[in-house]
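Novice: Chains as they are written, first to last, in our numbering: chain A, 1 to 230; chain B, 1 to 193; chain C, 1 to 217.
Since the hints were derived computationally from the structure, they do not count as laboratory data.
Be aware that a few hints might be false.
[What the hints assert, rightly or not] With a straight-line Cα cutoff of 25 angstroms, these simulated BS3-like cross-link-like pairs (lysine-lysine) come out:
hint, chain 1, residue 1, chain 2, residue 2
1, C, K206, B, K169
2, B, K36, B, K158
3, B, K169, B, K158
4, A, K176, A, K143
5, B, K127, A, K135
6, B, K127, A, K47
7, A, K180, A, K143
8, A, K176, A, K135
9, B, K169, B, K36
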Amino acid sequence: MNAPAPIEQKRTSVWEMYRSIVGIGAFCALLIVSVYQGTAGRIADNKARFLSNAIAQVLPDVQSTVEVSLDANGVLVAATEPASLPAFLAYGEDGELVGAVITAQAMGYADNVTVLYSYSFDLQAIVGFMVLETKETPGLGDKVETEPHFLANFEALDARLNEEGTALANAIVTVKQGEKTEPWQIDGITGATITSEAIGVIMHQGSSYWLPALERDARSFQPPSGPLDE
Amino acid sequence: MKDPGYWSIFLNAALINNFVLAYFLGLCPFFGVSSKLETAIRMSGAVSFVMLVASACAFGINLILEAINAPYLRIISYILVISSTVQLVEMLMRKLSPPTFRALGIFLPLITTNCAILGLALFQTNKGYGFTQSIVYALGAGAGFALALVLMAGVREKLDLADVPQLVKGTAAALVVAGILSMGFMGFAGLGR
Amino acid sequence: MALKQVSSTDEFIKGLWRDNPVFIHMLGLCPALAVSNTAINALAMGAATTFVLLMAGLSVSLLRNFIPREARIVSYICIIATFVTCVDYAIMAISIELHRALGAFIALIVVNCLILGRSEAFASKHNPGRALLDALGMGVGFTGALFFIGVMREVLGSGTLFGVGLFPDGFQTWTVMVLPSGGFFAMAIWLLVVNWIRQRQADAEKQAVEQAGKAAS
Numbered sequence: 001m002n003a004p005a006p007i008e009q010k011r012t013s014v015w016e017m018y019r020s021i022v023g024i025g026a027f028c029a030l031l032i033v034s035v036y037q038g039t040a041g042r043i044a045d046n047k048a049r050f051l052s053n054a055i056a057q058v059l060p061d062v063q064s065t066v067e068v069s070l071d072a073n074g075v076l077v078a079a080t081e082p083a084s085l086p087a088f089l090a091y092g093e094d095g096e097l098v099g100a101v102i103t104a105q106a107m108g109y110a111d112n113v114t115v116l117y118s119y120s121f122d123l124q125a126i127v128g129f130m131v132l133e134t135k136e137t138p139g140l141g142d143k144v145e146t147e148p149h150f151l152a153n154f155e156a157l158d159a160r161l162n163e164e165g166t167a168l169a170n171a172i173v174t175v176k177q178g179e180k181t182e183p184w185q186i187d188g189i190t191g192a193t194i195t196s197e198a199i200g201v202i203m204h205q206g207s208s209y210w211l212p213a214l215e216r217d218a219r220s221f222q223p224p225s226g227p228l229d230e
Numbered sequence: 001m002k003d004p005g006y007w008s009i010f011l012n013a014a015l016i017n018n019f020v021l022a023y024f025l026g027l028c029p030f031f032g033v034s035s036k037l038e039t040a041i042r043m044s045g046a047v048s049f050v051m052l053v054a055s056a057c058a059f060g061i062n063l064i065l066e067a068i069n070a071p072y073l074r075i076i077s078y079i080l081v082i083s084s085t086v087q088l089v090e091m092l093m094r095k096l097s098p099p100t101f102r103a104l105g106i107f108l109p110l111i112t113t114n115c116a117i118l119g120l121a122l123f124q125t126n127k128g129y130g131f132t133q134s135i136v137y138a139l140g141a142g143a144g145f146a147l148a149l150v151l152m153a154g155v156r157e158k159l160d161l162a163d164v165p166q167l168v169k170g171t172a173a174a175l176v177v178a179g180i181l182s183m184g185f186m187g188f189a190g191l192g193r
Numbered sequence: 001m002a003l004k005q006v007s008s009t010d011e012f013i014k015g016l017w018r019d020n021p022v023f024i025h026m027l028g029l030c031p032a033l034a035v036s037n038t039a040i041n042a043l044a045m046g047a048a049t050t051f052v053l054l055m056a057g058l059s060v061s062l063l064r065n066f067i068p069r070e071a072r073i074v075s076y077i078c079i080i081a082t083f084v085t086c087v088d089y090a091i092m093a094i095s096i097e098l099h100r101a102l103g104a105f106i107a108l109i110v111v112n113c114l115i116l117g118r119s120e121a122f123a124s125k126h127n128p129g130r131a132l133l134d135a136l137g138m139g140v141g142f143t144g145a146l147f148f149i150g151v152m153r154e155v156l157g158s159g160t161l162f163g164v165g166l167f168p169d170g171f172q173t174w175t176v177m178v179l180p181s182g183g184f185f186a187m188a189i190w191l192l193v194v195n196w197i198r199q200r201q202a203d204a205e206k207q208a209v210e211q212a213g214k215a216a217s
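Turn these sequences into a full structure, and let the hints guide you.
Specialist: See the structure below:
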């Protein structure tokens, strides 16, 4: 084949430099934009499917969801663009409100833990829970995803509001394993103390932020153009 | 939702999720220049400095990219802008402060394309940090990198004198040391709350 | 060196063992340790890196007479970053779960010194066919190394391979292997094995030479 040409020591003209850099820039721009355009549809589909699978796990029998956000006055409105920690109103088969799904995040043992949980308006309780993202220690901290007695906390975790509807009536808090006495307490896991406590903190923060507005506005909330498809 | 405090961001980047020992970023300089304490200290100074510059740059670029709604340009613009800014700073430094340049300068071109730098820029964007938070995060990451590098250099200087089998000498021994250091750093987990 | 005819197969083979990027040259250690906690992650990362290596090698080699020497590094970085962005979106389109598992490390392929190194040292001086062979060899060598580390970490750390349980219930997993420190340990162990084999090969060659010398005298 061809032996490498001896390196030429002559100076490259400015024109040549511009030509090559602009040429490569154009080539790269073309490639990136076409790949972005080509995959955008599938990525959106994948993300939507991922989300609807997750929502189906924490709240069965959901037909459609609408992402919501709070405006500057704390009033519930339809979200204009996807948030990093979104919340959704979930509607059943006949378009009736079946619950809300909330994502929330806080510092766990090693890094942020992000969870997805569902709130039932009928029971005024948290009725479903899953961990979306965690880097907790395998075998210890990640027990919050598998330990049956811990997951049993979220069959009906009391999240009633106070009489004015401005805050949680009882702070959601994680207690030591086996010391749960009240319906708003989370029975922790021995050996994963910090992570299970973090779950309590996450739920308390998430619920304090969303629930007052949800309880006040969700029933009268009109989805932008009827419940959106998944 | 509540933002994490500055102290928590700093601790998180420096100790709990140490860039080298927990995220495996910047391993090339970590193994490359950790055999002498003196060079290790100067190297970590240079890395911390570039991290600060990169963090500020990345914040600016991200603002522009969000304004023109072009997330697909993120990787390419981060790497290009960060490396050219570091080169600019290097030239300025050579002009304005020759002593600093002699201490840090030779490392700067090496670390511009180091994964710890780009990693920092990407993580702060993913975590949605504001400007001050980004700077604190960069300071923490720099401090963590320096800590890991200096500790490692200290151990390796001693290790050179130890009598280890020929087969283990060099990188394999360094890897085991890094593994043990990394286990030690796991003890910091849980601090950041 | 430059004038010696290197056979095409050798161009490919050298990346697998003699010039293995991970075990011999210690290139691309960051992704090799960071995303090798399961075999499947290791394979995915290896495939993504191989793709970028191939495409960057091909483009650099095709453009090698078009890019002036002064502008080469910036051009290479630009080309590599472009293909990394493409791979990033492609993986998102294939599987969100995989993308979440690999995290920011897909974007960090751009600073994998292996790719810039091969573009600069090899692809910029050879024709596209050779560049592709070289890139393929390096990519397969890289993927193989990642796969070996990944298998060790997954089998010991989680007791599974490709998510399938291998051991009876009583097996106590070595959790440390899936933690960051396990990455360092697994790499150290493989490095020892590689060094040992190389040393034995070198010894055997030396012995053969000595024997030949004796026979001749």
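Novice: Indicate, hint by hint, whether the structure satisfies it.
Specialist: Verification of the hints:
The suggested pairing of C/K206 with B/K169 holds, with an alpha-carbon distance near 22 angstroms, which does not exceed 25 angstroms. For a cut-off of 25 angstroms, the pair hint linking B/K36 to B/K158 stands: about 10 angstroms separates their Cα positions. For the suggested pair B/K169 and B/K158, the alpha carbons sit about 13 angstroms apart, so the restraint of at most 25 angstroms is met. Taken as a hint, the A/K176 and A/K143 pair is honoured in the structure, with Cα atoms around 15 angstroms apart against an allowance of 25 angstroms.
Between B/K127 and A/K135 the alpha-carbon distance is near 15 angstroms, which keeps this suggested pair within the 25 angstroms criterion. A distance of roughly 19 angstroms separates the Cα atoms of B/K127 and A/K47; the hinted pair therefore holds under the 25 angstroms criterion. A threshold of 25 angstroms between alpha carbons decides the hint, and for A/K180 with A/K143 the separation of about 18 angstroms falls inside it, so the pair holds. Between A/K176 and A/K135 the CA atoms are separated by roughly 22 angstroms; this keeps the pair inside 25 angstroms, and the hint holds.
Between B/K169 and B/K36, the direct Cα distance comes to roughly 16 angstroms. Compliance with the 25 angstroms bound is thereby established for this hinted pair.
Of the numbered hints stated above, none is contradicted by the structure.
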